[in-house]
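Colleague: Starting from the known structure of chain A, arrange chain B on it as the hints suggest.
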Amino acid sequence: MSTQGKLRVIGKARRRVDGRAKVTGLTRFADDIVLPRMLHCRLLRSPHPHAEILEIITGKAEKLPGVHLILTGKDFPVTFGIMPVAQDEYPLANGRVRYVGDPIAAVIAKDEQTATEALDLIEVKFKQLKTISNPEEALQNPEPRIHDYGDQGNIHRIQSYEFGDVDEALAKSDHVFDDLFFYEGNTHLPIEQHASVAAPDGEGKLTLWSSTQVPHYIHRALARALQMPASHIRVIACPNGGGFGGKCDLHNHEIVVSRAALKLGRPVKICLNREEVFYMHRGRHPVLMRMRTGVTKDGKLTGMHLQTLLDGGGYGSYGPASTFYTGVLQTVTYELPRYKFDACRAFTNKPPCGPKRGHGTPQPRFGQEVQLDKIAEKLKLDPAELRLNIVAKPDTLTANWLKIGTIGLAECIRQATARSDWKKKFRKMGPGRGIGIACSSYLSGAGLPIYWNKMPHSGVQLLADRSGQVTVFCGATEIGQGSDDVLAAMVAEVLGMDPYDIRCVTGDTALTPVDLGSYSSRVTVMMGNAAIQAAEKLKAQIAEAAGEQLEVIPSRLSFSDGRVFVTENSNKSLSFKEAVEFAEVKFGTLGAVGSYTPPRAPGRYKGAGVGPSPAYSYSACVVEVEVDQATGWIAVPKIWIAHDIGRTVNPVLARGQVEGSVYMGLAEALMEEQVFRRLPPKMSHALVHKIPSLLEYKSPTSLDMPEIDTILIEDPDPNCPFGAKEAGQGPLLPVMPAVANAIFDAVGVRIDELPITPDKVLKALELKAAGKNPRVGPERFPLVPYPKSIFVLPPWEGGDGKESKRDDAVAVV
Amino acid sequence: MAAVPQRVHLKFLVNGEETPVSFAPYKTLLEVLREDLNLTGTKHGCELGECGACAVLIDGEPHLSCLVLGVECEGRRIETVEGLADGAELHPLQAAFADLGAAQCGYCTPGILMTAKALLDKDPNPSRETIKEAISGNLCRCTGYQQIFEAIEEAAVRMKP
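Chains as they are written, first to last, in the working numbering: chain A, 1 to 813; chain B, 1 to 161.
Pulled out of the complex, with its shape left as it was, chain B reads as follows:
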């Protein structure tokens, strides 16, 4: 234990901003985001990679931030729910989730929004089956998922140029 440095100093690219951060090296990305960068929009439900609440995008791909060590993220592009809106203007996914009841308690919502963003960035016209598959690693206990599917579909429509 004694040989491990107390803290490491790294730079991430968080929501488009170069972000220097200092943290204990055992910390997961989830812990660094929440505890060292005060980005508490990213949630946790198990810290074992089982619930999907902590999903963020790393270099555009959805990852469970509880299974990624902070030290693995040096120089990488990290997107969290805090970076989803454009200033005061909600991302179409956010607006559709709010309008269509896709967020009830809102706790799994950030993870699902980020996972859905990765999906729509790749596939602007996903089928219902593709949507179901994409968010199958994100547990939601409130909605029964139907309004989430509909919100992602609605966002896809709203995002059409």
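So here's chain A without its partners, still in its complex pose:
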């Protein structure tokens, strides 16, 4: 692969290839699409968190002038769900609603106003059911079941894995730390509200334009939901106005407008309002955690037992994956010889949780990094030094059989601490001021797709013709992260072109080869590798034809600055256009494809498919805080973030991904929470969203953001295109615990739950003043009926990656 030599495009700070459209208002988001004869759709949503639907009376609404169609559950007999194992939703409720906001009926009318008026004319008779408001209630109340599937009662998923005998490891440890943590749920809050336009084409086939991060998965799931062949459905992912994981599900409204458009033979549009976006959710799971960790007296980890309890909300969504992700990556950051992980996801009558930036890993990462701070405090070690001493080793396997490649974490810690003057500040900043550190690791793409298959995860197709133009086709989806820019950069680097001369056609299931979508930080690595492969094939054809003309063997040719030339004699050259012409004469119409499938992971036990990745990124974060001890107010003057990115494709965009992650991490640390309250018993006693608006759901404004010092650590990973790992999720993970640790440094209190709000700080300060344990956080972990563990021996104890017996262990040398 041409990943050698001097790079001309990769690593250069550039305007992104789609940058001009974004600043001129020409980027066409889904709600910007207007089609002739287009109708508008609005959804009637449940006011109750849990109820049976006895009757839906639509007569009055149907008679309202301008109403074209009303759909209800009976129009949608088939369930859907983004994961094959969680097909538990109906596009419109089929006799049952499971959260406030669950869609019941749809009105399609001449305009939004008419559709909204018609919603008020639909009468629904409900029989309210007992509401399950949190996982503890779900455990205590197996009946009524929110779903008639799942592992038991109101438990969706429950599982246990043990990699080596953890109890034995803890028993032999110098110290065992046993901590409880709680991470409140929060939501993506993309500024673009979800929108979709569905339209039948001249042949009666369907086109759906949508704000989705995953057009391929939508294409697949929509074919099932509509009971139509996929060949008659075209899904076009519009550029997303922010995704962050919130546009990864197939959503009710996408199916509803598709069905309506097919039925009416006209385009139908829907754009959710902001309140509906809060109900759509699929965001961060609230997770209660218990973490027991053994350490030696010099701060080496001996074993960890992590238990998690997830509040899943009303439907499955990506929940089965989320459940795994609250534990599987816990082994990737530091050396951990033995590990046990119990997880349980409960159904509750709230908007469904799913994947948000970091998917399942920020919660245990928060717990572990705060616990490490406590360990360092107890052992009288510097927390940065403690971490440096236990950083995982490159090219190794973890206890749970994940293959780690390159690791730039030690350098991240060194740089972040040096730039922040850590040694001069830690425990020395005086009352109310403090500094904290935390680290993390993350996937550069999930090793397996969400439905089982052995096909490529990303495909790229290239077209070049005599005009000299190159068009690159890929199913990858631009959600703001710069996926089109990465695609153009990869192809431009290989072919010696200017990235702005390459046309990208992306995210269209009719035109582009399958790419699994913009999630799990997979696009740069997977699409990038596929793009390089396709470009190398095309380059070989062009080089062969050009070599004949220039009378040299192809290997003596270089491609650069839009020319093909003899490496030792650049005067002997052709323009790229001329070279393509000769290639077209020699080979006929030119085209090339490339594809990428991640390497097979070494784990062989059931469940080993979640966690593997072609590469892991690493981050270290240092946060400075000022805590007002009278009010509990937390100010953050500065954050340092060092991120092991492997190789930077475009520093402008990479920095943006890292800083955007820090922003979102700080938001989760200090303010964001998706929380609920019960209405008074005199009213419905319903469980309603406390703050379904942008005003009350607090997120940081320009005035709240501190200065961020971003440090990109380059340690190219051989599995990655030009060595480039992910940057869009990993740097979020260490921010929350670094804030918590800085608060301890500032005022000596532990806040073991997120978000860390002033009232919690004040409460902890009061406890401290009263001579009590200065900690605010969960006090107990309920009895969860975790099953007997699937036991797998770690690689260094004689395991083969399969489930094994405990007495198969060999002595650790």
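Mixed in with the good hints, there may be bad ones.
Stated by the list, open to error - Derived lysine-lysine pairs resembling DSS-like cross-links, with alpha carbons at most 27 Å apart:
#1 A:LYS60 / B:LYS27
#2 A:LYS586 / A:LYS638
#3 A:LYS760 / A:LYS690
#4 A:LYS425 / A:LYS374
#5 A:LYS110 / B:LYS27
#6 A:LYS768 / A:LYS380
#7 A:LYS428 / A:LYS378
#8 A:LYS698 / B:LYS132
#9 A:LYS638 / B:LYS132
#10 A:LYS63 / B:LYS27
#11 A:LYS127 / A:LYS110
#12 A:LYS638 / A:LYS425
#13 A:LYS380 / A:LYS428
#14 A:LYS205 / A:LYS110
#15 A:LYS205 / A:LYS74
#16 A:LYS393 / A:LYS378
#17 A:LYS638 / A:LYS428
#18 A:LYS110 / B:LYS11
Think of the hints as simulated: they come from the structure by calculation, not from any bench.
Modeller: For chain B alone, kept in the frame of chain A given last:
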């Protein structure tokens, strides 16, 4: 309801052009711009005055177009992102935003560009604090704002005569 006219006919001055438009009288300026004038460059994130995505300039002042009724705008000078460039030449703010990563998904960008234009029209040398204050009503979920601050500062430099 019956007494309300179906549509009103008004003239705005949009991006320097006299623009007659006919629309339902309940519509906000945001809706008139997007739905009746096809100026979809102006975005919406809440339609409740909370996110700033719909900011446009009315008589040179930034306003949230979701909180202004179309009927209030008769004869007024309205500037949207579509009018920011001079032909094919980007406004210095647009160029700096594109060059410096101030637009990631690009959805909040038009509102921030218009708000920043109003700032630079009044104060050609704003401090970082002034910039932060000026765009504090515009939410961005992608950037963490730092590259936006830098782009506005860079545009101010590029706009110096």
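Colleague: Within a Cα-Cα threshold of 27 Å, do LYS586 (chain A) and LYS638 (chain A) meet the stated pairing?
Modeller: Distance ~60 Å between LYS586 (chain A) and LYS638 (chain A) Cα, so the pair is violated.
Colleague: Is the Cα-Cα distance between LYS638 (chain A) and LYS132 (chain B) 27 Å or less?
Modeller: Within the cut-off at roughly 16 Å; holds.
Colleague: Does LYS768 (chain A) pair with LYS380 (chain A) here, judged by a C-alpha cut-off of 27 Å?
Modeller: holds (21 Å)
Colleague: Is the hinted pair LYS638 (chain A) and LYS428 (chain A) satisfied, with a Cα-Cα distance of at most 27 Å?
Modeller: Roughly 17 Å between the alpha carbons, so the hint for LYS638 (chain A) and LYS428 (chain A) holds.
Colleague: Between the alpha carbons of LYS760 (chain A) and LYS690 (chain A), is the straight-line distance 27 Å or under?
Modeller: holds (19 Å)
Colleague: Would you mind confirming whether the straight-line C-alpha gap from LYS638 (chain A) to LYS425 (chain A) stays at or under 27 Å?
Modeller: holds (13 Å)
Colleague: Hinted pair, alpha-carbon criterion (27 Å max): LYS127 (chain A), LYS110 (chain A). Please report holds or violated.
Modeller: Given that 27 Å is the threshold and the Cα spacing comes to 33 Å, the pair is violated.
Colleague: Assess, step by step, whether the Cα of LYS393 (chain A) is no farther than 27 Å from the Cα of LYS378 (chain A), and give holds or violated.
Modeller: Cα-Cα ~25 Å, so holds.
Colleague: CA of LYS205 (chain A) to CA of LYS110 (chain A), is that 27 Å or under?
Modeller: holds (22 Å)
Colleague: Going straight from one Cα to the other, do LYS60 (chain A) and LYS27 (chain B) come out at no more than 27 Å?
Modeller: With Cα atoms ~25 Å apart, LYS60 (chain A) and LYS27 (chain B) stay inside 27 Å; holds.
Colleague: Checking one constraint from the list: CA of LYS428 (chain A) to CA of LYS378 (chain A), max 27 Å. Satisfied?
Modeller: Holds: LYS428 (chain A) and LYS378 (chain A) sit about 18 Å apart, inside 27 Å.
Colleague: Check whether the Cα positions of LYS110 (chain A) and LYS27 (chain B) lie no farther apart than 27 Å.
Modeller: holds (15 Å)
The earlier numbered hints that this structure contradicts are 2, 11.
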